[in-house]
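Visitor: Sequence:
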Amino acid sequence: MELWRAVLVWVAVLQSVVATKVLFLGPVSSRSHKNFYMGIVNALADDDIQVTMVSSFKPSKVRENVREVVLTGVELTDIFPNMFTSRTMSGPLTVMKVMPGLCADALGKEEVQHLLKEDFDLVFLSVFMSDCFLSIVYQLKVPLIYVSPGGLMVQLPLIIGNPRFPSYDASAVLGFQHPMTFMQRTISTLTHVAMDFFFFYFFSPRMEAECRRRGLCPDNMPSFWEISSNASLVLINGVQTIDYPARPYVPAVIHCGGIHLRPSQPLSQEQTYNN
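The sequence shown begins at 1 in my numbering and counts up by one.
Among the clues, some could well be false.
[As the list claims (entries may be wrong)] Think about it this way: if two alpha-carbon atoms lie no more than 27 Å apart in a straight line, the pair counts; the simulated BS3-like pairs of lysine-lysine are:
id, residue 1, residue 2
1, 141, 61
2, 61, 21
3, 61, 97
4, 109, 141
5, 58, 21
6, 97, 21
7, 109, 58
8, 61, 109
9, 21, 141
10, 97, 109
11, 117, 97
Source of the hints: derived by calculation from the structure; they are not laboratory data.
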């Protein structure tokens, strides 16, 4: 844990500015995503950094140096089916359809807009369906760090300048095993091209257009792509040493897999007996 604290202290002093107040934006996510985010939040709080966490889930406990802003009506569980019982693509397609409006709903909340009146030294932003919150980053004029609950999701390699080799490293959604056949390599490459096209020419523009239509993005604000390209770091929920196949990473990609884990506690005699 001391290693992670050292990493996050270094993150918090980006550009020779000591970050004493940090804003962590994870507005639209699942509970498992928040579990990972809270590992980072708690590590920062342990080093006496004041953290304001924005999410759609109530805190499990109150802790020093952490203020949580809970948003209602923007939970993914309301629109996303149980993936263990649903075998169709209706869930992901529904999310893609409603997400521009859902993100704008979260951004337009009074408690979120009120944060613009405060001073922050650094913003952490969830990469998961939260593009419209780049408006907050732009208006606060502070360094940006992306946080990914998974690996380098669709847009992150291009944002941070990390090389990609889809013919060698297939997307997890395809389920291909390494090494891939020629046909699988072809499918993987075409899938990456299609996903990039969908995100950069359909999904992100729709989210930006909705943000501007509602007046939540200032008229003089640059494009989402321009703002996101200025991100200083990307923190991902992964462990580089167990990547398979091995992948290249630029120094701006920081692996934080397991940062939310805590030492296990021994079972009581009753729990041991029942198991």
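Visitor: Given the hinted pair residue 109 and residue 58, is their Cα-Cα distance within 27 Å?
Guide: Holds, at roughly 16 Å.
Visitor: Check whether the Cα positions of residue 21 and residue 141 lie no farther apart than 27 Å.
Guide: holds (14 Å)
Visitor: Has the given pair, residue 58 with residue 21, been kept, meaning a C-alpha gap of at most 27 Å?
Guide: Given pair residue 58, residue 21 holds - Cα atoms ~21 Å apart, limit 27 Å.
Visitor: Under the criterion that the straight-line Cα-Cα distance not exceed 27 Å, is the pair residue 61, residue 109 satisfied?
Guide: holds (23 Å)
Visitor: Are the Cα atoms of residue 61 and residue 21 separated by 27 Å or less?
Guide: With Cα atoms ~20 Å apart, residue 61 and residue 21 stay inside 27 Å; holds.
Visitor: Please verify whether residue 97 and residue 21 have alpha carbons no more than 27 Å apart.
Guide: violated (35 Å)
Visitor: Compare the distance between the alpha carbons of residue 117 and residue 97 with 27 Å, and conclude whether the hinted pair is satisfied.
Guide: violated (32 Å)
Visitor: Holds or violated: are the alpha carbons of residue 97 and residue 109 at most 27 Å from each other?
Guide: holds (20 Å)
Visitor: Straight-line Cα separation of residue 109 and residue 141 no greater than 27 Å?
Guide: holds (20 Å)
Visitor: Given the proposed pairing of residue 61 with residue 97, does the C-alpha separation stay at or below 27 Å?
Guide: violated (34 Å)
Visitor: Hey, residue 141 versus residue 61, does the alpha-carbon distance stay inside 27 Å?
Guide: Violated, at about 31 Å.
Checked against the numbered hints listed earlier, the structure breaks hints 1, 3, 6 and 11; every other hint is satisfied.
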